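From first to last, the protein sequence lines are chains L and A. One gets our numbering by counting positions in the first sequence from 1 and adding 572 to each. One gets our numbering by counting positions in the second sequence from 1 and adding 938 to each.
If you are wondering where the hints come from, they were derived from the structure by calculation, not from laboratory data. Possibly wrong hints are sitting among the right ones.
[What the hints assert, rightly or not] Straight line, CA to CA, 25 Å or less: simulated SDA-like cross-link-like pairs of lysine to any residue:
1. L:674 <-> L:624
2. L:625 <-> A:1124
3. L:625 <-> A:1122
4. A:1209 <-> A:953
5. A:1172 <-> L:574
6. A:1172 <-> A:1088
7. A:1172 <-> L:636
8. L:625 <-> L:665
9. L:625 <-> A:1077
10. L:625 <-> A:1121
11. L:636 <-> L:612
12. L:625 <-> A:1120
13. A:1172 <-> L:639
14. A:1209 <-> A:1170
15. A:1172 <-> A:1145
16. A:1172 <-> A:1203
17. L:674 <-> L:659
18. L:636 <-> L:575
19. L:625 <-> A:1129
Here the structure is a predicted model, which means the values were calculated and not measured.
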Amino acid sequence: MPQKPIELILIRQLAGYLSIPIFVVDAEGTLLFYNEPAELLLGRRFDEAGEMKLEVWSTVFLQKDEHGAALPAEALPLFVALRQRRPAHRIIQVTGLDGASKMIEVMAFPVEGQSGQHLGAVAAFWSPEGV
Amino acid sequence: MRITLWGTRGSLPSPGPDTVRYGGNTSCVEVRGEDRTLLILDAGTGIRRLGTALEPGAARVDILLTHLHMDHILGLGFFGPLERSDLEVHIWGPSSTTLDLETRLTRYLAPPLFPVRLYDLPCHLTFHDVPLGDFAIGGFQITAALVCHPGPTVGYRIADEGGVMAYIPDHEPALGVRHLPVPSDWTSGFDLASRADLLIHDAQYGAAEYLQHVGWGHSAITHAIALATAARVKRLIAFHHDPNRSDRALDRLIAGSRGASPLPFSFGAGKEGMRFHLGRPQRA
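Make the full structure from the sequences, and use the hints.
In structure tokens form, the structure reads like this:
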């Protein structure tokens, strides 16, 4: 497997030390990593879940808007950050792989590398119940 | 290709009786192709002596900077061939997110920090923001990639028909990593080093010293060995020696880092004047 860009390596290393849940995707939207606090929200250890294509993670983790209506992938902050290359924020309900639903705030931003290369996007989650 | 080490010290030139064997000049490595293409990796103080040894007929020199920390550019203004009007000099190095290489480099090589402006020198000078990826100079195929070190910093992988060398003099692949090696795709510098015949790599600290310098951008010698092992290189040369490390202390560091079982590659510390030849063995 080819080495990840250094910017993503550094983001993963930083995420590993944060208590804020962090979710990292590459430029194609493939889920590369989520940290331990995110594992609590998403209901599965990353080591067990592994990398996932966008079409998979955007449906595996069931996501609804704050009123409980279904959300298409395009409305997810991470998708907006990835495709429109701009920050995005939203309150959503997410149902993790453990079946538990939680209301969370999501803030996502694109990762633009040293040479202006679009390398992916990062989402940070806040849960009213704490992380 | 033929490789000569002209400066192996990190951070600060450190001449004196305690550093005679490994040398006190800062990073500079000559890479010479079979077609006589000349690459100079970094312009630490070692480049001054390289300049005096350069053949008068050379028409072009390519200087590849890994980054612009002072120990890697300190010798540039003292590279004698810059005063030759018949010489083409191409300087390659990383831009930042907002400034090109030329702007960044000439902040130092101009008054008041340096008496002469680079453009006032007689040689034909061209700056190149080094492309992140593959490019060619003469007979060399070169890959530049960002590596973990403060500020924009690249490592180089240089290949020709004779072999592959990787040069990562300032590198902290262990930053934020609990145990090296981690999976190769998450290891800074892995692709540059992968299966290289020769890896010249940062090994500034001992393991205990590293813990006092986390985030400074350098490796413990154990990290260099871990990366070289994971990348399956054939030879590792420890480089960027700490300026406070005497020759005898460096001997002890190298000896102590070998561990109980043999390493799967040839291993030693870089010395000024050390030469390597990557290619088919030559007839006597």
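These are the hints, each one checked on the structure:
1. L:674 <-> L:624: 21 Å, holds
2. L:625 <-> A:1124: The hint holds at about 18 Å.
3. L:625 <-> A:1122: At roughly 20 Å apart (the allowed maximum being 25 Å), residue 1122 (chain A) and residue 625 (chain L) satisfy the hint.
4. A:1209 <-> A:953: Holds. Residue 1209 (chain A) to residue 953 (chain A) sits at ~13 Å (cutoff 25 Å).
5. A:1172 <-> L:574: OK: residue 1172 (chain A) and residue 574 (chain L) at ~20 Å, within 25 Å.
6. A:1172 <-> A:1088: It is violated: about 28 Å lies between the C-alpha atoms, which goes past 25 Å.
7. A:1172 <-> L:636: This hinted pair is violated, its Cα atoms lying about 53 Å apart.
8. L:625 <-> L:665: Holds, at about 21 Å.
9. L:625 <-> A:1077: 40 Å, violated
10. L:625 <-> A:1121: 20 Å, holds
11. L:636 <-> L:612: Judged against 25 Å, a Cα distance of about 18 Å means the pair holds.
12. L:625 <-> A:1120: 22 Å, holds
13. A:1172 <-> L:639: 60 Å, violated
14. A:1209 <-> A:1170: 23 Å, holds
15. A:1172 <-> A:1145: Holds, at roughly 23 Å.
16. A:1172 <-> A:1203: Status holds; Cα separation ~5 Å.
17. L:674 <-> L:659: Holds - the C-alpha atoms of residue 659 (chain L) and residue 674 (chain L) are around 22 Å apart, at most 25 Å.
18. L:636 <-> L:575: Roughly 34 Å separates the two Cα atoms, so the pair is violated.
19. L:625 <-> A:1129: 23 Å, holds
Hints 6, 7, 9, 13 and 18 from the earlier list are contradicted by this structure; the remaining hints agree with it.
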